[in-house]
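Student: Chain by chain, the residues run as shown.
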Amino acid sequence: MFGMWDAMITPEGFPLPIPHLVVTEWAIILVLAVFAYSASRRMELVPTGLQNVLEWLVTFTYDFFTSLIENEDAAKKWAPLLSTFFMFIIISNYSGLIPGAAHVSGFQPPTSNWNVTCTLALITAFTVQLAGFQTHGIHYLGHFISPNPVMLPLNLLEEITHPLSLTVRLFGNIFGEEMVYAFMLAMVPFLIPTALMALSLLLGGIQAIVFTLLSANYIAASTGHGH
Amino acid sequence: MEMGLALGAAIAVSFAGLGGGVGMGQAGGKAVEAIARQPEAGGDIRTLVFITFAFIETLTIYGLVIAFMLVNKIQ
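One line per chain: the protein sequences are A and B, in this order. The first sequence begins at 1 in our numbering and counts up by one. The second sequence begins at 1 in our numbering and counts up by one.
For the record, the hints were derived by calculation from the structure and aren't laboratory data. As the structure is a prediction and not an experimental result, all values here were calculated from the model. Among the hints, erroneous ones may be present.
Here are some chain B residues pointing at chain A (derived, C-beta under 10 Å) [said to hold, decoys possible]:
{"hint": "1", "residue": "Gln38"}
{"hint": "2", "residue": "Phe53"}
{"hint": "3", "residue": "Thr58"}
{"hint": "4", "residue": "Ile61"}
Glycine included, every Cβ here is placed at the ideal spot set by N, Cα and C.
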């Protein structure tokens with residue numbers, strides 16, 4: 001199996017072991033930050049270059065989420081979070097395809113680990129509750145007993161299974177794809193795995209879209225008009 | 001013992017894949033039919049079918065995760 005925690009950077013006198021995973025995440029955050037900063041540093045009315053890309057991205061994701069979330073204020077408030085999710089997940093999914101990345105010992109795409117996807121899913125879960133309370137106030141609690149107080153345990157269970165399924169879906173897809181790729185590489189070292197890499201290019205993009213889409217859906221459900 | 005674990009992993013992933021494949025095929029086929037009949041509704045249908053696929057896929061992935069857990073136990 002892939003080394004989960006055996007790849008650690010332990011400088012002398014620094015007791016906290018840092019997994020490679022976290023370093024990869026820092027690198028992704030740095031890439032995103034540098035991109036955002038350099039694109040919005042000198043903004044002009046008629047955008048050129050990077051600013052064009054960023055403006056397209058912002059308007060596209062904003063339109064997408066406003067069409068999905070019927071509550072306009074909630075959509076405006078949570079669209080930045082969701083588009084950041086999308087960018088972070090797609091870059092970390094594709095980070096396994098960087099040429100030479102596999103030669104770094106202990107390298108793995110951050111989304112192919114339980115802990116990372118669970119964190120992302122928990123952020124979504126708390127955001128959903130927060131958005132619900134911000135929109136409906138104390139009446140939000142009414143949705144837990146919505147058709148009938150008998151449904152309370154089932155409604156609570158639903159709130160738990162949402163982040164669980166988000167976690168497992170992203171982790172299982174990326175980890176499974178990496179495992180299949182590793183097996184394939186061990187069996188046929190040349191040429192054939194390239195087709196699989198093309199497939200994983202598609203798969204990584206779809207998983208990033210699905211994660212954000214479902215998060216937006218859950219937010220839409222908690223901020224919309226209840227039943 | 002090891003053979004049982006390996007067989008269990010294989011059965012878990014194959015049945016999960018079988019069910020998920022049948023379901024996804026039906027949903028995808030119907031979606032294509034719908035888009036062909038009414039191309040102007042394509043955007044909505046595409047979003048909806050993505051969500052449906054995600055839900056179906058989750059069940060398949062549950063089987064895959066069980067298979068990974070079993071394979072992990074073999075060594």
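Student: Each hint should be assessed against the structure and marked as holding or not.
Tutor: Evaluated hints:
1. Gln38: 18 Å, violated
2. Phe53: Hint on phenylalanine 53(B): holds, closest Cβ of chain A at ~8 Å, below 10 Å.
3. Thr58: This hint holds: threonine 58(B) lies near chain A, its Cβ roughly 5 Å from the closest one there, short of 10 Å.
4. Ile61: Since the shortest Cβ distance to chain A is 4 Å, the answer is holds.
Comparing the model with each numbered hint stated earlier shows that hint 1 is the single one that does not hold.
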